[in-house]
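Trainee: We have chain A already, so just place chain B on it with the hints.
The listed protein sequences correspond, in order, to chains A and B.
For the record, in the first sequence the residue sitting at position 100 is 100 according to my numbering, with numbers rising by one throughout.
For the record, in the second sequence the residue sitting at position 150 is 150 according to my numbering, with numbers rising by one throughout.
Please note: incorrect hints may appear among the correct ones.
[Unchecked claim] Below, simulated SDA-like cross-link-like pairs (lysine to any residue); rule was C-alpha separation at most 25 angstroms, straight line:
| # | chain 1 | residue 1 | chain 2 | residue 2 |
| --- | --- | --- | --- | --- |
| 1 | A | 101 | B | 94 |
| 2 | A | 101 | B | 86 |
| 3 | A | 101 | A | 84 |
| 4 | A | 101 | A | 90 |
[Stated by the list, open to error] Distance ranges between label pairs, derived from CB positions:
| # | chain 1 | residue 1 | chain 2 | residue 2 | range |
| --- | --- | --- | --- | --- | --- |
| 5 | B | 101 | A | 3 | 18 to 28 angstroms |
| 6 | B | 136 | A | 53 | 13 to 23 angstroms |
| 7 | A | 70 | B | 158 | 18 to 28 angstroms |
| 8 | B | 58 | A | 70 | 17 to 27 angstroms |
| 9 | B | 3 | A | 100 | 53 to 63 angstroms |
| 10 | A | 100 | B | 96 | 26 to 36 angstroms |
| 11 | A | 3 | B | 28 | 30 to 40 angstroms |
By construction, these hints were calculated from the structure, which means they are not laboratory data.
Virtual Cβ for every residue (Gly too), placed ideally from N, Cα, C.
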Amino acid sequence: MIPMEHVLILGAALFAIGMYGVLARRNAVLILLSVELMLNAVNLNLIAFNVYLRPNPATGMVFSVFVIVIAAAEAGLALAIILRLFRNRRTANVDEADLLKW
Amino acid sequence: MDGFGVTAAFWGLSALAVGSALGIMLARSLLHAVLWLILAFAGLAGLFVTLSADFVAVAQVLVYAGAVGVLVVFAIMLTPNSQTGNSETRMVGPGLFVASVVSGIMVYIATQTDWSTAARGDFPATALEIGTALTNRYLLPFEVASVLLIAAMVGAIVLVRAARDEPERRELAGEGEGEVNTAEAAGREVVAAGSHGGH
Chain A
1 MIPMEHVLIL
11 GAALFAIGMY
21 GVLARRNAVL
31 ILLSVELMLN
41 AVNLNLIAFN
51 VYLRPNPATG
61 MVFSVFVIVI
71 AAAEAGLALA
81 IILRLFRNRR
91 TANVDEADLL
101 KW
Chain B
1 MDGFGVTAAF
11 WGLSALAVGS
21 ALGIMLARSL
31 LHAVLWLILA
41 FAGLAGLFVT
51 LSADFVAVAQ
61 VLVYAGAVGV
71 LVVFAIMLTP
81 NSQTGNSETR
91 MVGPGLFVAS
101 VVSGIMVYIA
111 TQTDWSTAAR
121 GDFPATALEI
131 GTALTNRYLL
141 PFEVASVLLI
151 AAMVGAIVLV
161 RAARDEPERR
171 ELAGEGEGEV
181 NTAEAAGREV
191 VAAGSHGGH
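Next up, chain A with everything else stripped away, as it sits in the complex (with noise of 0.2 angstroms):
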């Protein structure tokens, strides 16, 4: 049997890869690749302490199944504010966009 003291270290080590990304890359679209990663790693911690803590209601996997929904919503709303800061700045870079900083 996989402890589960295991799966919560996988999931450490992808969030952590992922919240790297957030910081330090600068196109916009590997910052979202990045905050998806992340998300998926939440999904990891949710289903294991489903299954190992308290299996009889499905409640983490409800979860991630909405975790799921809000990721792909997110994902297709950035996409369209990536797309349009591209056609308007010509960049996909956050660190180009800084129209709101004087």
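Mentor: Just chain B, lined up with the frame of chain A:
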């Protein structure tokens, strides 16, 4: 209850997921990053199966590896000159520091807490459980999620659609983007050649 095969599958899929995630971070090309991301999603779906969460695994493959992957590929194809050469910002050092600190804290908590994992039993029909929960106890969040999806879809359409009084394509074509001009010229030549051939 898990045999050797499940453990081996867990380790293999973990290596696949972490390696693909590192591939996303190391990729300079956006398209390569998306392909690594789809591979990571597939590996995570396999991990969900080893954790006996079959419904979530199927939803993962459908929504993430399918829909989100195709969506991101479309977005990349529509932003031409940002596809390659994506470097990091100055935040590489702080990013590495914050990520390692956060992951260290999480690993510490995960290993130091006394989880009573004895409750894990068979987990037969997750789809039935999830369906029952969604239609009984979580009915309101379910409906709110559908409204959220509609709002996100309409918002995305409104954002991406060109405004009617916006001379957008002309401006883009004229603004130093040589590919668009040459592509249009090539299209015109093709049309001209076609009409000549017809006569």
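Trainee: So which hints don't hold here, by number, going up?
Mentor: Violated hints: none; all satisfied.
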